[in-house]
Amino acid sequence: MIIRGKVIKYGDHVDTDVIIPARYLTATDPLELAKHCMEDLDPNFRKNVTTNTILVAGKNFGCGSSREHAPLSIKASGIKAIIASSFARIFYRNALNIGLPILESDEASHLIENGDEIEIDLHSGVIQNLTTGKTHQAKSFPPFIQDIISQGGLMNLVKTRLQK
Amino acid sequence: MGKTISEKIFSTKAGSPVQAGDLVIAQVDMAMGQDGTTPLAIRSFEDMGGKSVFDPSRIIFIIDHNAPSPLEAVSHLHDLMRQFATQYGVRLFDVGCGVCHELMMAQGLVVPGDLVIGADSHTCTYGAIGAFSTGVGSTELAAVMISGKLWFKVPETIRVILNGTLPRGVFSKDIILYLAGQIGADGATYQAVEFSGPVIDRMEMDERFTISNMAVEIGAKAGLMAPDYKTLAWLKNRARRPYQSVYPDPDAMYQSTRTFDCSGLVPHVALPHRVDTVKPVDEVADVPIREAFLGTCTNGRAVDIEIAARILRGKVVHPDVRFIIAPASREIFLTALEKGWVETIVTAGGVFVSPGCGPCVGTHQGVPGDEWNVISTANRNFKGRMGNNKAAIYLASPATVAASALAGKISDPRKYLG
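Residue numbers (this note's numbering), protein chains in the order written: chain A, 398 to 561; chain B, 6 to 423.
Errors might be hidden in some of the hints.
Claimed, not checked - Under the rule of at most 20 Å between Cα atoms (straight-line distance), these lysine to any residue pairs were calculated in the SDA-like manner:
1. B:154 - B:21
2. A:536 - B:56
3. B:388 - A:455
4. A:477 - A:526
5. B:395 - A:421
6. B:388 - A:441
7. B:158 - A:409
8. A:432 - B:388
9. B:154 - A:541
10. A:556 - B:156
11. B:56 - A:558
12. B:154 - A:554
13. A:432 - B:392
14. B:388 - A:421
15. A:536 - B:161
16. B:158 - A:441
17. B:388 - A:545
18. A:556 - B:154
19. B:395 - A:441
20. B:388 - A:526
21. B:154 - A:545
22. A:556 - B:54
23. A:536 - A:520
24. A:556 - B:52
25. B:158 - A:501
26. A:556 - B:55
27. B:158 - A:407
28. B:56 - A:554
29. B:414 - B:293
30. B:395 - B:417
31. B:154 - A:558
32. B:158 - A:545
33. B:344 - B:356
As the list claims (entries may be wrong) - If you want the footprint, here are the derived chain A segments under chain B, 3+ residues with CB under 8 Å:
34. 489-499
35. 549-555
Bear in mind the hints are in silico, worked out from the structure with no lab data behind them.
Built from N, CA and C at the ideal position, the CB exists for glycine as well.
Whole structure, please, built from the sequences with the hints as guidance.
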């Protein structure tokens with residue numbers, strides 16, 4: 398699957414409290430959560446995100462709480478994928494489980510700039526920067542996790558298995 | 006080749022010998038959800054087509070993040086949890102029982118050698134009694150409620166050895182803050198940590214919990230300690246299931262070993278807005294504070310309230326400071342009442358709120374004002390964490406927090422501990 402979009406870039410240690418503050422966990426509806434996504438970090442986030450936006454960030458993206466509301470609110474905001482130098486482990490699992498594509502690449506995280514137009518091949522992990530012409534290779538997922546991704550997340554995987 | 010605690014627990018729970026790096030599907034002993042994450046898990050459970058839970062005695066719901074409810078919308082979510090618990094026979098600890106991690110251990114729901122998941126990142130606390138416990142999201146909690154199983158990557162382990170003798174007025178919280186500064190907020194990402202050494206051996210269980218609790222703040226999946234005679238004594242009248250303690254082999258393979266000497270350690274403070282931006286208390290002394298908070302799964306236990314009472318006895322909290330205390334459980338609250346600590350602290354001007362997460366998560370019971378500096382015994386000081394992104398949170402030990410509440414500025418507790 399190929400994803401193409403324009404980059405919004407943040408720094409290191411983007412935590413779950415700025416992604417979705419606990420005061421908004423009164424809702425479980427992703428669209429409701431999306432209204433407050435990133436508001437403590439970047440008040441212009443909602444204005445700048447289109448349906449073709451890709452987030453690029455530094456290390457330890459999603460550190461902090463286990464709240465799945467964090468990747469849900471990002472996905473419901475319209476973000477197509479996240480590329481980071483590294484992800485905090487609970488966020489990493491949560492994102493995969495809800496079907497939000499995430500890629501780890503230190504090189505891409507450093508070299509891709511805010512506003513760049515990029516294209517990601519989710520299957521091969523190849524990231525092409527259409528603005529600069531550079532290509533980066535993200536870490537590949539073990540087959541087991543590729544299985545979860547190809548089903549669109551853990552939820553769909555369990556659903557399929559329960560129906561069998 | 007020998008195995009770490011993590012490799013041994015996963016070998017048992019996966020039903021075959023495994024080592025670090027292996028992907029396994031393992032049987033979970035206990036699954037826990039709190040009121041911030043469980044409503045979403047119930048939704049996922051229904052979306053997945055869940056019709057029953059794998060074993061109601063192994064699922065626990067706890068209402069602690071907003072307890073009692075500050076909003077109508079939250080009351081609805083609490084009722085959703087109560088209805089689910091009644092329908093499926095799941096045990097629910099309601100408003101006033103306490104913080105989820107304190108209850109899971111103090112109620113004997115977790116025992117050494119267990120594999121436990123919780124839809125809360127500080128589930129890693131139970132590592133202090135030798136259980137592999139880790140935080141997961143709501144969808145994974147739902148998957149476990151249905152199947153009793155979950156996939157894991159068996160982590161590599163970093164061994165942290167704490168040598169020396171902890172000086173007077175310096176506490177386990179100071180150690181873990183110092184370690185966060187040394188290791189970094191992502192220094193142990195995707196890995197487990199095993200804590201050991203004479204400093205751990207001499208600690209009481211309450212002090213050990215503080216260290217394992219904050220393992221996730223250095224990115225770790227689990228913060229483990231091998232059980233010893235103190236662990237077994239603590240579990241004696243609590244454990245609800247028989248158990249087999251798990252110890253690392255002498256020739257276990259570690260990703261790395263880090264040794265620290267605690268003999269010269271001083272009280273430490275984490276500066277806003279990062280847990281790993283840490284300084285000795287003297288370097289931030291005199292920062293004026295407007296709110297002090299003692300509580301949470303990190304430091305809301307009897308020893309923590311006791312030290313605050315010792316520091317505040319016969320004195321008065323600074324007029325510019327709101328000093329808020331949330332006992333981590335009803336049991337701890339009762340102990341604090343019986344021992345007279347509550348009377349001492351309230352007389353000094355402290356404000357007790359109901360057992361639970363209190364202001365740590367920023368939903369109620371002490372949201373700070375704009376430009377306020379807060380000093381807290383919690384584990385996180387992210388921007389906006391306590392409900393106002395224009396406030397700044399400093400993290401410290403209960404002694405440093407109590408001393409700072411008295412002085413109206415960040416203060417070294419050693420001056421107050423005669």
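Legend entry - Earlier hints that do not hold, by number: When the structure is compared with the hints, numbers 2, 7, 16, 17, 20, 27 and 30 turn out to be violated.
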